[in-house]
Structure formats: structure tokens, C-alpha cells
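Q: Residue numbers for the sequence shown follow UniProt numbering, so the first one is 1 and each next one is one higher.
Careful: at least some of the hints might be erroneous.
Unchecked claim - Computed cross-link-like contacts, PhoX-like style, restricted to lysine-lysine with a CA-CA straight-line distance of at most 25 angstroms:
| id | residue 1 | residue 2 |
| --- | --- | --- |
| 1 | K6 | K23 |
| 2 | K39 | K6 |
| 3 | K23 | K39 |
| 4 | K23 | K84 |
| 5 | K2 | K24 |
What the hints contain is simulated information worked out from the structure, not anything from laboratory work.
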Amino acid sequence: MKLTQKELNHLIFLSEVVLTGNKKSLMEETLQCLLYIVKSLEEVELPESVVGQIEALTALIEADLREENERMQEIRGHLDWMNKKSRNSSTGM
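Kindly produce the complete structure, drawing on both the sequences and the hints.
A: This is the structure we're talking about:
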């Protein structure tokens, strides 16, 4: 099935409304629609300026996810340490 340019433009419009209107309740659905389209493409020709913006946004997303992952590892490490400490104190070590 093909999406027409009119349908794509409507999806772009809806995505921009969700993004600029900060409609967090609709972000997941919007991302899902865009993800379906992106996954269906093998490659896409984009202007350099758009590629630059995508690269910058990708770097931001990766950095944020990396930071979140590091924080979760830090929390898990602290919880593991606390669990070991409480087990050692309860066994008299």
C-alpha cells in the first residue's frame, strides 16, 4: 500500500501539532506512525541540512539514553551493595 503525498503531509501536520503543542499523551502514537514509515524504507535522500539536524538529534538521544543507563547501573550497584551489607550484618559477618 502506498501513502499519498497528501496523507504524508497530513501525518507531518499531526506530528508537528503533537510536538509543538507538547501533547505528551499522543507522543507514543505519533512516534509509532513515523517508525512504521522509517522501517519501511531502505534508504532516503535528504538535504544536508536535514541530515545535520537528524545527526544532532540522534546524538542528543544517544547521550540522554546513555546517561540514563549509567544512572540505572549506579542505582543497581548501590542496591546490590546495600543488600550485601544487610545480609552480612544479619549473618554476623
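Q: None of the hints should be skipped; say for each whether it holds.
A: Now the hints, each set against the structure:
no., hint, result
1, K6 x K23, "23 angstroms, holds"
2, K39 x K6, "20 angstroms, holds"
3, K23 x K39, "24 angstroms, holds"
4, K23 x K84, "44 angstroms, violated"
5, K2 x K24, "28 angstroms, violated"
The structure does not agree with the numbered hints 4 and 5 stated previously, though it agrees with the rest.
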